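With these hints in hand, go ahead and build the complete structure from the sequences.
Below, each chain spelled out in residue letters.
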Amino acid sequence: MVEVRYDSVTKRYENGFEAVKDLNLEIKDGEFLVLLGPSGCGKSTTLRMLAGLEDVSEGSIMIDGAKVTDLPPGARGLGMVFQSYALYPHMTIAENLSFGLRMVKGEGRLADDEIVKRVQETAKLMELEDQLDKKPKQLSGGQRQRVALGRGLIRQPKVLLMDEPLSNLDAELRHQMRTEIRRLHETLGTTTVYVTHDQIEAMTLADRIAILDEGELQQHGAPLDVYNNPSNDFVKGFLCKHIDEIVETANNLFPKE
Amino acid sequence: MKSLSQRWYEPQEITTLRLWLPIAVGVNLLLSSIEWIREDWLSLQLSLLGAFALGVLWLVLPDGEHSWKRDVAMGKAGAVLIIGIIHYASGMQMLIDVWSTLWLTGPAAIALWWLSSPVISAWAKGTLSTQGAERGLARNKVMAPRLGAVGSHIMLMHAVFIVLLPVFWILDVAMSPGNILGGDIGVSDWTGEHFSKMLDGDSSFWIWLRNSLVVSLGTTVMGLALAVPAAYAFSRFKFGGREASMFAFLLVQMFPGIIILVPYFLVMKTLGLLNTSLGLILAYSVTALPLCVWMLKGFFDTVPRELEEAALLDGCNQFQVFWKVVLPLSLPAVAVTALFSFLAAWNEYLLALTFNTSNDMYTLPVGLASLISSTGQAWGDFAAASLLVSIPVVILFIVFQKFLIQGLSAGSVKG
Chain A
4 MVEVRYDSVT KRYENGFEAV KDLNLEIKDG EFLVLLGPSG CGKSTTLRML
54 AGLEDVSEGS IMIDGAKVTD LPPGARGLGM VFQSYALYPH MTIAENLSFG
104 LRMVKGEGRL ADDEIVKRVQ ETAKLMELED QLDKKPKQLS GGQRQRVALG
154 RGLIRQPKVL LMDEPLSNLD AELRHQMRTE IRRLHETLGT TTVYVTHDQI
204 EAMTLADRIA ILDEGELQQH GAPLDVYNNP SNDFVKGFLC KHIDEIVETA
254 NNLFPKE
Chain B
86 MKSLSQRWYE PQEITTLRLW LPIAVGVNLL LSSIEWIRED WLSLQLSLLG
136 AFALGVLWLV LPDGEHSWKR DVAMGKAGAV LIIGIIHYAS GMQMLIDVWS
186 TLWLTGPAAI ALWWLSSPVI SAWAKGTLST QGAERGLARN KVMAPRLGAV
236 GSHIMLMHAV FIVLLPVFWI LDVAMSPGNI LGGDIGVSDW TGEHFSKMLD
286 GDSSFWIWLR NSLVVSLGTT VMGLALAVPA AYAFSRFKFG GREASMFAFL
336 LVQMFPGIII LVPYFLVMKT LGLLNTSLGL ILAYSVTALP LCVWMLKGFF
386 DTVPRELEEA ALLDGCNQFQ VFWKVVLPLS LPAVAVTALF SFLAAWNEYL
436 LALTFNTSND MYTLPVGLAS LISSTGQAWG DFAAASLLVS IPVVILFIVF
486 QKFLIQGLSA GSVKG
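So the sequences go chain by chain: A and B.
Using the working numbering, you'd call the opening residue of the first sequence number 4 and step up by one each time.
Using the working numbering, you'd call the opening residue of the second sequence number 86 and step up by one each time.
Read the hints as simulated data drawn from the structure, not as lab findings.
Only a predicted model underlies this, so the values are computations on that prediction, with no experimental measurement involved.
No incorrect hints appear here.
Computed cross-link-like contacts, DSBU-like style, restricted to lysine-lysine with a CA-CA straight-line distance of at most 30 Å:
no.	chain 1	residue 1	chain 2	residue 2
1	A	140	B	382
2	A	138	B	409
3	B	323	B	409
4	A	137	A	127
5	A	161	A	138
6	A	140	B	487
7	B	409	B	382
8	B	382	A	138
9	A	161	A	108
10	A	140	B	409
11	A	70	B	323
12	A	24	B	323
13	B	487	A	138
14	B	87	B	154
15	B	409	A	127
16	B	409	A	120
17	B	409	A	108
18	A	120	A	161
Structure, rendered in structure tokens:
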């Protein structure tokens, strides 16, 4: 049972600014949770605290029943996909994928042929078999995105974290990758936390949406539940109204006969 | 009424002349000043006359409207050509005269050739048809890059010549018999005596070379070992006194080296580091440190932070992040910094002269200077040795060339 729990987590910066205020949130095993909100709402900070890239000022974070608040990022058993992909430019795709596995020390360490096998499997899963010897520079945006996903998944992480992974792609590719991410989630069932500011992305991907504003959790629940029963004006304006407008625009463009 | 093409068409040849004739005028004026220094009055007058005529030619270049301009321009070009030939015939007809004359006859001949072509004469007289102008515009597109390439190569050849002239000169001194400076270039018999004397087994040259290599390589290693971690810390971590120490590094650079010479000497004397290579290594490393740190910091700043975060999540500790991700990406900058430290130490003279006073501890620059003493001035040996000293530098530059360009155009690393 991999379960993530935020217990009254607060992030306060040195200048006193509170990016996240007293957050209580549970993410269930195998769940696809989307953190949604406008820029500056604290959703990225929430994710980065889970990743260990930001310190937690107050409260604690549990993964799988263990307190990870003060563990280094590498020890938490997470995979992460960054907005800019953050592939290592000096390594081939195969090296990029296997880097995390090779960094493991001690009993968890895989044998070399096991690592090669894992790379092959991941490459197959991500349709990257022909790209393994190339450098990131030689790949298209969509392929780089798949490498980044593969690098996040190859260590079979307890939780997969994604920080606006699609915002560097064009509309066509974004749609394609969205489908692919959902397909992967259904195949692998990895617990996933996904950060975005795009309401449509959130509605189509999530099992559950958590909406944040000014560092506070506004509402969380299944996408349609949230849409149908917004708990306050912010959710109404940010989610419901936005989606209604898109639907209205589409209806006006293609009037029903 | 002229068509659009007719109004916009100007032959590329004319455009090129418009650009290059002023340059030719400038070069001829420069030459005439040299002739003035040499008190070669006839050549001076011819050069000035030629420059003047080229200037007039520039003024009367055809504009596609006044047909008389072409005839005058042809006449002027012919005049310059004749002036150029007289200039050559009346001079000493050495290599340099051929070159200087070419700056008169070359532009003139090309102008004559182009102005007499049918298309340009038709254009100059304003009788070119619309189709002719359209063809001309298409031709211009092809001509422009070709003429541009020829022009830039002419400029580059001059640049190369200017750079190589001192090298040829010193090569000439090194390969002429005797230890004299001066005389004509390339007239004496070639000899390798200076080189063989320098490279002889008993020659001090080998001792100096060893000292220089020890000091330069030591400085490079020591400088990098200090500068790389320091620069990374300055680039990535926040700590008390960060701004102040960055500024202090710059501040040190503002003092001329001679000011710290005496304090340096006293420190070295106290520590017993006079007449040792270690003393020089320490001094050079400290001197090179500020610039190296600033250069490397600038490069580290361009390595995206997300890459480091990705490495952290992949299980690296802070040192591994640096060693496995940041450093490999910064190799060009590290190479540039290494080269810089090496060259600074290889060329340094003043500190080496002050600290190390025995011939056994001389570095190459000091050793070379000792060849030109007040008692005997071995210019031939000096020239041969200075060529030998340059060889490692040239090799380093050739090897590091690729890195240098990458390193100096920081920020080229993109995920």
